Amino acid sequence: MDVIRQRPNHGWIEVIAGSMFSGKTEELIRRLRRAQIARQKVQIFKPRLDNRYGEGHIISHSEMRIPSDEISASADLLTLVHEDTEVVGVDEGQFFNLELPAVCNTLADRGKRVIVAGLDQDYLGKPFEPMPQLLAIAEYITKTLAICMVCGNPANHTQRLVASSERVLVGAQGTYEARCRHCFDPRLGQGAGPGA
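In terms of my numbering, the sequence shown is residues 20 to 215.
Note that these hints are calculated values from the structure, not bench results.
If you're wondering where the values come from, they're calculated on a predicted model, not measured in any experiment.
The beta-carbon is built from N, C-alpha and C at its ideal position, and this holds for glycine as well.
Please note: incorrect hints may appear among the correct ones.
DEER-style ranges, computed between Cβ atoms [as the list claims (entries may be wrong)]: (1) Ala57 with His201: 38 to 46 Å; (2) Leu99 with His201: 41 to 49 Å; (3) Leu188 with Ile166: 17 to 25 Å; (4) Ala57 with Arg186: 34 to 42 Å; (5) Ile56 with Ser183: 35 to 43 Å; (6) Glu158 with Leu117: 15 to 23 Å; (7) Lys162 with Leu97: 25 to 33 Å; (8) Asp128 with Arg186: 29 to 37 Å.
Please model the complete structure; the sequences and the hints are all you need to start from.
Below you can see the structure in the form of structure tokens.
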């Protein structure tokens, strides 16, 4: 989705949500690059917690990348986003605290186009805060689907492949894979398997 600003100083929130390996970060990067091509001032942020592929960039699983700043908390956005910034990109929204929706609202009220990408469900298939709250207040929502690694159908779930009871376990291939509704088994991530 490409939105062209109709009126100056009118901000809004866009959310790109889905499972791991569904192209959320690629879509975020695509939108941010198009804004840069349109000569809009863009600032990009990711959580300091997510250092899977390196620092100083948002990097997709397919190795698309764009420079970004790392922040520790949602409130950091309010001090780091410049007054003349038109577009704010935030990756891995699920790793931020519950203040993120209020911060995004504040930025949108200041006339910014705010684009947030993140997981909408955790490894148990439960809503992954603060993404559900962002989905509720966003003007534009894009739901991305991956391909199930078991059967090849559209996948909406993130299957954890290693046993851990931690809700946040940063990882990529080998730790998680995409699964459809039928092939998803949340017990696998807790150390149990089918029939357990």
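Hints and how they fare:
1. The hinted window of 38 to 46 Å between Ala57 and His201 holds, with their beta carbons roughly 42 Å apart.
2. Taking 41 to 49 Å as the suggested C-beta distance range, the pair Leu99 and His201 conforms, at roughly 43 Å.
3. At about 22 Å, the beta-carbon gap between Leu188 and Ile166 stays in the expected band of 17 to 25 Å.
4. In this structure the hint that Ala57 and Arg186 lie 34 to 42 Å apart at CB holds, the actual value being about 38 Å.
5. At about 41 Å, the CB distance of Ile56 to Ser183 agrees with the hint of 35 to 43 Å.
6. For Glu158 and Leu117, the hinted distance range of 15 to 23 Å is satisfied, since their beta carbons lie about 20 Å from each other.
7. Checking the proposed 25 to 33 Å range against Lys162 and Leu97 shows it holds: the Cβ atoms sit about 28 Å from each other.
8. One distance hint, 29 to 37 Å for the beta-carbon pair Asp128 and Arg186, holds here, with the actual separation near 31 Å.
Of the hints listed earlier, there is not a single one the structure fails to meet.
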